[in-house]
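*Asks:* On the provided structure of chain E, position chain P with the ligand as indicated by the hints.
Chains as they are written, first to last, in the working numbering: chain E, 8 to 470; chain P, 52 to 254.
Calculated directly from the structure, the hints in this document are not laboratory data. Hints may be right or wrong, so weigh each one.
Stated by the list, open to error - Computed cross-link-like contacts, DSS-like style, restricted to lysine-lysine with a CA-CA straight-line distance of at most 25 Å: (1) P:LYS218 <-> P:LYS233; (2) P:LYS184 <-> E:LYS170; (3) E:LYS170 <-> E:LYS202; (4) P:LYS218 <-> E:LYS170; (5) E:LYS48 <-> P:LYS233; (6) E:LYS48 <-> E:LYS14; (7) E:LYS246 <-> E:LYS14; (8) P:LYS218 <-> P:LYS109; (9) E:LYS14 <-> E:LYS170.
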Amino acid sequence: MATLFDKLWDLHRVADAGEGYDLLAVDRLLLHERTGGIALKSLRDQGLEVADASRCFSFMDHIVSFRPGRGRDDARSPGGEAFILETRALAAQAAITLIDTDNADQGIVHVAAPELGIALPGYSIMCPDSHTCSLGALGALAWGIGSSEAEHILATGTIRVQKPRQMRIRIAGALGAGITPKDLALYLIARYGAKGGNRCAIEFCGPAIEIMPVEGRLTLCNMVVEFAAFTALIAPDEKTLDFVRGRRLAPSGDMLAAAEIHWRSLASDADAAFDEELTLDAGEVTPQVSWGTSPEETLALGATIPHSANIRALNYMGLAAGQRLEGLPIDGAFIGSCTNGRLSDLELAAEQLRGKRVAHGVRAVCVPGSKSVKRAAEARGLDLVFRKAGFEWGEPGCAMCFYAGGETFPPGARVISSTNRNFEGRQGPGVRTHLSNPAVVAASAVAGRISLPDPGLFQEDSV
Amino acid sequence: MPDPLVMHAGYAGALMIDNIDTDQIIPSREMRAVSREGLGGGLFAGWRYEDPGARLEKPGFVLNRAPRPSILVCGHNFGCGSSREHAVWALAEYGIRVIIAKSFGEIFHGNCLRNGILPVTLPEAEVDRIAAKCDGAMMDVDVRTQTVSAPGLPGWTGRFEIGAFPKRLVLEGLDPVRLTLKDAGIIGEFLDADRARRPWVYA
Ligand code: SF4
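Okay, chain E solo, but in the shape it has when bound:
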């Protein structure tokens, strides 16, 4: 009768907070230097204590430099050091574990938290960052909050929240060769609109989800905030358990055995009712590329921009209705971010780059999502593939996913990017972002224009 979301909600429900609100216990609060430092600071300024620092973790990812050889305090934006230094000092004062710039586990919060076993199935995980929904992929209650809400969690270990409506999205069939969870996410948003998620908690299920590797599920859930969903989640299965087992902060021994019994019980009942239901056939999905300034302004790579296209977006993007996306000359290419900065993403891109060169005049940058991803990629020689092809190989962090001031692509540059947002100015003033999967980014960087990846280069298990 109950959905997975209902069950997790009830498991964390401390009390009815009245007036339609519940008080939920928060198992893990994650912070980063961009929005977390301010929460710690206002807490301190109000003379409040952190309720349980052992359940909080802080990361350095947004402002840290991505230059090779960066120092611990190097920021990528002018004045950004203040965020790094203050967050470090505030985390130390509050006795919160900080995964600092020079820490071997450093990375983008949504990439590093699952790697470290900080994010686990069944947990409630909050972070003042909108892409916290990614972590729902592990079967967790996870969503983004504001800094004031983070302060509330710091002080009380709980969140006061109204239960959202629920939607189930069943993905039938299987994604075709070379079609990635990123394409599925973009397709979903393009088809149902940037408001399509209707403030619901979305449970993804169906055959295409069951066969999807956990890294792909993280990509899919990452994008639901662009779909105006409250969050997303996927019931944990053996793939999830294999993924989390043995992680540094995951339980072990008897504790693991007990946890696994709990994790295996986490699923929606067969007759559970959802407020909304959608079914999508994965077989319909083709490589997707965004053309506009909202992720919903996305098309199949071979398509032409419709005549109904929004003029403001066309002007910003320097495009016209009727134009084809395929073949558009590009100036930049970026691979990384919490959407597509994991090892499988880098492998997918590297397949397109072996023995090739980035086209003349294209600045191509790859920034692994975490140090652990970077180490694993380097152990496989992927860094050499990227470097030999002419890609810059950066130090982990959000890097060029968003502009914080400082170094980026020049105004007017057309950039193909494995990130999640193509908003005006997202990657820099006047920068024109086209979202796509990492293989499309790599193939386009080589061709110097938006291009389909070489289908001969897809490995069966690489997505």
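*Replies:* Below, chain P with the ligand without anything else, positioned relative to chain E:
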């Protein structure tokens, strides 16, 4: 804590573009310090100034009008994107007290309520009519009766939904942290029981 908002009369400014994200509201490069303050000047910096660095205002942009609007009228999905509360702090510092939109980004909506800005969702047709008739003109908002009206729309009253708790947040300028801390006992009991149920969470 924010000033309570019971009734508000102010000038409306229409910014009828869908999917305005928080990075347009407060560009990342305008967030210069670990602070909730000093953000008002950076509000919509990319749209509001000819040259954001020199703060040279673009004439005609809604925020550059005199008198300044305190009620923004917007399209769909206003405040989508990044969770940064700085967007709301910037709006509040500039003087925005009410945002009337067709729909809101979820996190932004919650951030407004925590900072004394009333987010009002009205049907598309009503928002379009307000934008057409009231841009630059006075509007009245009453939180208690959950209504919006305007001299420019005689005979019309818009009714909006707001939950009892968010309504108290706005009306009373309530501090939810102190409210929850009163329940410390209940929270402690829950955690003890949960520790027995899911010990690995607390290990
Ligand atoms: S990689 Fe981009 S989307 Fe992800 S957390 Fe960092 S800035 Fe946000």
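*Asks:* Each hint: holds or not?
*Replies:* Hint by hint, here is what the structure shows:
1. P:LYS218 <-> P:LYS233: Roughly 20 Å separates the two Cα atoms, so the pair holds.
2. P:LYS184 <-> E:LYS170: violated, 36 Å
3. E:LYS170 <-> E:LYS202: holds, 18 Å
4. P:LYS218 <-> E:LYS170: Holds, because 17 Å separates the two Cα atoms, which is no more than 25 Å.
5. E:LYS48 <-> P:LYS233: Holds, at about 22 Å.
6. E:LYS48 <-> E:LYS14: Since the Cα atoms of E:LYS48 and E:LYS14 sit roughly 34 Å apart, the hinted pair is violated (cutoff 25 Å).
7. E:LYS246 <-> E:LYS14: Since the Cα atoms of E:LYS246 and E:LYS14 sit roughly 21 Å apart, the hinted pair holds (cutoff 25 Å).
8. P:LYS218 <-> P:LYS109: It is violated: about 36 Å lies between the C-alpha atoms, which goes past 25 Å.
9. E:LYS14 <-> E:LYS170: With a Cα-Cα distance of about 12 Å, the restraint between E:LYS14 and E:LYS170 holds, given a limit of 25 Å.
The earlier numbered hints that this structure contradicts are 2, 6, 8.
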